[in-house]
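**Student:** Kindly generate the complete structure, drawing on both the sequences and the hints.
In terms of the numbering used here, the sequence shown has 314 at position 314, counting the first letter as 1, and numbering is strictly consecutive.
Treat the hints with care, since some could be wrong.
Below, in silico cross-link-like pairs of lysine-lysine (DSSO-like), each with a Cα-Cα straight-line distance of 27 Å or less [to be verified]: (1) Lys72 - Lys150; (2) Lys251 - Lys220; (3) Lys220 - Lys3; (4) Lys220 - Lys166; (5) Lys6 - Lys145; (6) Lys121 - Lys101; (7) Lys101 - Lys150; (8) Lys6 - Lys113; (9) Lys242 - Lys202; (10) Lys3 - Lys70; (11) Lys145 - Lys122; (12) Lys113 - Lys3.
Pair by pair, the computed Cβ-Cβ distance ranges are [stated by the list, open to error]: (13) Gln71 - Lys202: 48 to 58 Å; (14) Glu224 - Arg278: 34 to 44 Å; (15) Asn118 - Ala97: 18 to 28 Å; (16) Asn118 - Ala173: 39 to 49 Å; (17) Val289 - Gly349: 39 to 49 Å; (18) Ala243 - Gln71: 42 to 52 Å; (19) Lys300 - Arg238: 46 to 56 Å.
Don't read these hints as lab results, they were simulated from the structure. As the structure is a prediction and not an experimental result, all values here were calculated from the model. Think of the CB as a built atom: it goes at the ideal place given N, C-alpha and C, for glycine as much as any other residue.
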Amino acid sequence: MNKLIKKISRLAEGKKHLRLMEVCGTHTVAIFRSGIRQILPENVELVSGPGCPVCVTCDDFIDKAIAYSKQKNFIVATFGDMLKVPGSRSNLAAAQAEGAKIKIVYSPLDCLKLAQENLDKKIIFFAVGFETTAPTAAATVLAAKARGIKNLFMLSAQKLVPPALKFLLNDSAVKVDGFLLPGHVAVVIGANAFNFLAEDFKIPSTVGGFEAEEILAALKNILEQIDSGKIEVANEYRSVVKAEGNLSAKKILAQVYEISDVEWRGMGKIPASGLKMRSEFADFDIEQVAPIEIEHFNKKTACRCGEVLRGIINPTECPLFGKICTPLHAVGACMVSVEGVCAAWFKYGGRKLIWNEE
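**Tutor:** Right, dumping it as structure tokens:
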């Protein structure tokens, strides 16, 4: 471990201030928990990007999920970390307390049993996630079709990471010198899916694992690229990530979903950055089976979650952070999820090393 730290320090010596962005909520938490930020050279700064799917889900989708949960004979199934994500006026937890029919599940596949046990109800899975979890949602749809389950539907809000990185690099307000790429996403889509970073933007990038040593190894690789000028998309998580990714998972995704333009919280509409269900599976798409109208409401807030998600500011620069916005009373989505950068900063921001420095 110390050899990696010393190597990083040598590589950073004499360099300009470098901003390296991690693009995975699990990386964000691991970095904070292990104290990596505190032991990097002063001129190497880690910033967090839009790597938390809960955080980037827009108000409108939360509002739709709430609206469906209040309809007669509807049950909305969701992951637990979605409950307190703010919509435009409320959240799922508040709706549940008021009697809305909302169930916590641990996997989309749990909805198969839920649907079979509630044949008189329409079960809607609130499908939020990146490429990591989208294949399981697609597999659930295929399983429901194979079993003849007619009362299971998806409210799809899945998003794709590579287009978001392109968006960031085309944003003049975003300053990034390298990317620590998400290992979990790369398991599915493969390291090659990020080649555009080196080819089109000349940005050094490395796929990394989630242990402290794996993260440091990936950061070292990024700095080596900067030092040598040989820019590439490297893979320091070769034990589980292949260049081409998981072909079976990619096949399932392509079978059920097609790419679409979608809105990201704090970032607006990003072209080709989301997944919508193909027409062949329209019977499982709740927005096609039972479309619902919601009133669009532009709420005014001092929350700067959008800038945090783009790595423009750190959470402590938001006037609400740690004051009226805390994990127990979150104002912004970045403080809600355990993988949200504001939540991680609040919990671990000042933590020192957890390993022995000798």
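**Student:** Which numbered hints are broken by the structure, listed smallest first?
**Tutor:** The structure breaks hints 2, 5, 8, 10 and 12; every other hint is satisfied.
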